[in-house]
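J.: Read top to bottom, the protein sequences are chains A and X.
With this note's numbering applied, the first sequence corresponds to residues 1 to 375, in that order.
With this note's numbering applied, the second sequence corresponds to residues 376 to 750, in that order.
Keep in mind that the hints were calculated from the coordinates and are not lab data.
Be a bit skeptical, because a hint or two may be false.
Stated by the list, open to error - To be clear about the criterion: a stretch of chain A counts as covered by chain X if any three or more of its residues have a C-beta under 8 Å from a C-beta of chain X, and this derived list gives those stretches:
1. 12-19
2. 159-171
3. 230-236
Said to hold, decoys possible - Ranges of calculated distance between the beta carbons of each label pair, as one might list FRET restraints:
4. A/Pro64 x X/Gly620: 39 to 45 Å
5. A/Pro138 x X/Glu706: 55 to 61 Å
6. A/Gly346 x X/Val735: 56 to 62 Å
7. A/Ala323 x X/Gln661: 28 to 34 Å
8. X/Pro591 x A/Ala320: 55 to 61 Å
9. A/Ala220 x X/Glu706: 39 to 45 Å
10. A/Lys228 x X/Ser612: 22 to 28 Å
All residues carry an ideal CB built from backbone N, CA and C; glycine is no exception.
Listed below are the residues making up each chain.
Number of protein chains: 2
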Amino acid sequence: MDHPPASPYLPAERILLGPGPSPVPQRVLRALAAPTLGHLDPQYLAIMDHTCAMLREVFRTKNPLTFPVSGTGMAGMECVAVNLLEPGDEAIVCVNGVFGTRMKDVMERCGATVHAVEAAWGDVIALEQIRAALDAHPHTKLVGVVHAETSTGAHQPLEGWAELVHARGALLAVDAVTSLGGHELRVDDWGIDAVYSGTQKCLSCPPGLSPVSFGPRALAAMDARKSKVRSWYLDVSMLRKYYTGGGGGGRVYHHTAPINMTYALHEALTIVLEEGLDARIERHAQMHRRLRAGLEAMGLRYIPQRSLHSLNCIGLPAGADDAGVRRRLLEEYGIEIGAGLGPMAGKAWRIGLMGHGSTVRNVDLVLTALRTILG
Amino acid sequence: MDHPPASPYLPAERILLGPGPSPVPQRVLRALAAPTLGHLDPQYLAIMDHTCAMLREVFRTKNPLTFPVSGTGMAGMECVAVNLLEPGDEAIVCVNGVFGTRMKDVMERCGATVHAVEAAWGDVIALEQIRAALDAHPHTKLVGVVHAETSTGAHQPLEGWAELVHARGALLAVDAVTSLGGHELRVDDWGIDAVYSGTQKCLSCPPGLSPVSFGPRALAAMDARKSKVRSWYLDVSMLRKYYTGGGGGGRVYHHTAPINMTYALHEALTIVLEEGLDARIERHAQMHRRLRAGLEAMGLRYIPQRSLHSLNCIGLPAGADDAGVRRRLLEEYGIEIGAGLGPMAGKAWRIGLMGHGSTVRNVDLVLTALRTILG
């Protein structure tokens with residue numbers, strides 16, 4: 001072996017203020033390390049059922065088909081795409097950052113024709129643009145949009161979207177990876193048909209699962225498919241028999257679920273509901289305002305029109321050494337922040353205040369550290 | 376919420392002697408609970424690099440492209456299929472159990488035409504059958520075979536397979552989910568072009584990652600693709616930039632890896648290499664013989680022609696109550712064994728002796744428990 005051994009026991013205790021993963025509470029790490037059960041053990045099925053019930057509360061939905069996909073956030077995006085689209089379908093995707101760009105790519109791989117509706121990186125998409133795109137492409141089956149664009153920090157409003165999209169006979173699919181548990185997200189009230197998220201953002205659980213939820217319109221679209229889903233691993237027609245097969249003999253084995261990650265997600269959701277979703281969302285708003293006031297007082301500028309509370313994307317100050325500043329934050333303070341992605345590489349920093357990481361202590365520390373390093 | 380709360384802290388400490396997951400050592404659970412790092416943190420990248428180096432040792436390969444896919448074993452199967460096959464391709468798949476049946480389905484979803492070579496469940500496939508299939512389908516691009524069929528306990532010999540398959544210009548893809556770390560598996564010596572496994576079998580790590588390895592012929596086939604890989608999440612042309620991009624600026628972010636699961640796999644592989652691969656394989660052989668002698672002395676019969684050491688598939692004794700016996704094992708002894716799958720449902724039990732679970736203590740206990748319950 002060429003590599004020096006590294007100890008997985010003793011990673012540094014970073015303060016994770018980047019675009020995710022976010023800091024994981026000790027309670028969640030302890031749950032992660034509980035003894036492994038079999039994936040068909042009645043005890044495990046009870047934990048999984050309860051995890052799905054809590055996910056419904058956090059998504060604010062009654063959708064029975066709400067469960068954690070056995071992969072990270074991008075697996076959730078792919079799960080939504082492969083189940084709802086097939087060759088011959090048309091989709092409209094909002095592209096104003098890395099994740100919208102990816103959504104278009106993922107949906108094209110399903111054999112669909114995808115029409116991009118674009119905005120500048122950092123801007124949000126106007127509902128009028130969707131109306132025009134639906135006028136131009138009246139056979140559109142699905143409109144995909146990123147609620148919280150992790151690459152730019154833009155917070156996409158979704159008011160009125162479902163009414164418009166449903167009136168044209170299409171489905172609304174939403175990427176809520178960086179908003180679930182930190183921003184208002186009302187799956188049922190907003191008429192969202194399919195939504196996916198990640199565990200490692202505002203839920204403050206390690207990465208490895210992707211919560212998804214599908215509403216009745218999405219189920220009807222799946223039932224009307226003419227071809228098999230292109231991914232076996234993510235085929236909801238089989239997954240639903242495992243996740244919603246009922247408590248008794250109705251469950252059918254599909255794949256071995258990531259048992260210990262389910263324990264961790266269960267504990268992370270318990271913490272979210274103990275705090276209360278409204279209180280948690282308000283905490284994210286307050287910490288964002290506190291950080292924003294401090295950054296703007298230092299002369300730093302937010303890039304997005306309408307910033308997320310969970311992710312703060314700011315322009316690099318003139319003359320700052322991008323990698324050098326981030327390295328000093330990491331080495332001297334143990335603080336991770338994110339670099340710019342794609343066209344923003346070298347031009348932006350991304351400071352995440354997600355879940356367990358969104359605290360006065362962290363906001364004031366990162367402001368102090370930045371003031372010290374930037375001089 | 377409709378469900379009673381369940382505690383993810385306090386699952387029962389089962390003795391997992393089913394088809395996987397296998398018992399996880401406390402050292403691995405402890406590693407799993409180490410503080411979460413960012414997926415681009417230099418410390419994490421060192422742990423990931425070292426994990427991949429250890430995976431090469433355990434696969435007995437020098438393939439640079441050896442890494443854990445961010446999903447469970449079936450994601451590994453899908454990763455091999457989607458990257459090596461595209462519409463217009465032909466494949467031959469050996470079907471003699473659940474996982475061969477699934478491999479055919481997964482490969483068909485890639486747009487390939489798949490020819491099944493069949494044997495009865497419990498039997499293995501003869502090399503002559505592959506020769507005949509290659510004669511009948513001379514444009515075959517890939518031959519897929521399950522080394523360790525978890526549904527039947529059959530141990531597929533692979534001697535001479537690569538020579539034949541390569542002589543016809545095809546690739547050899549192997550499912551080693553239930554053999555890696557418990558059975559002889561020599562990826563380079565045996566000429567295997569693509570192989571996938573799971574963490575929750577003979578490696579005794581929780582489920583959630585799927586180790587894969589691709590050799591030079593497989594890489595050449597990927598480079599010669601005419602169409603994009605159907606799965607974005609599993610597209611090796613992008614994944615390889617993250618996993619083998621080198622230590623410096625060559626790495627490109629793809630998705631957020633399951634950080635804590637990587638810690639666990641690192642520790643599980645460390646344990647495998649401390650024991651020594653040869654010694655571990657020999658232990659699995661010895662424990663299998665010990666269990667087999669005990670079961671046969673009770674009049675129980677093995678179903679496969681050629682049994683795996685890691686999984687023992689036996690016929691139900693006449694008059695035994697399948698679910699009742701398994702429930703008593705679980706409730707009275709805390710022992711999980713597996714039911715029969717597919718056509719073997721109600722007719723077979725599957726006793727796994729995998730990794731940390733393959734011990735004298737467990738063999739003698741399960742024999743005693745079965746003797747007591749069967750009376």
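J.: Determine for every hint whether it applies to the structure shown.
T.: Status of each hint after checking the structure:
no.	hint	in the structure
1	12-19	holds (count 5)
2	159-171	violated (count 0)
3	230-236	holds (count 4)
4	A/Pro64 x X/Gly620: 39 to 45 Å	holds, 42 Å
5	A/Pro138 x X/Glu706: 55 to 61 Å	holds, 60 Å
6	A/Gly346 x X/Val735: 56 to 62 Å	holds, 60 Å
7	A/Ala323 x X/Gln661: 28 to 34 Å	violated, 54 Å
8	X/Pro591 x A/Ala320: 55 to 61 Å	violated, 44 Å
9	A/Ala220 x X/Glu706: 39 to 45 Å	holds, 42 Å
10	A/Lys228 x X/Ser612: 22 to 28 Å	holds, 24 Å
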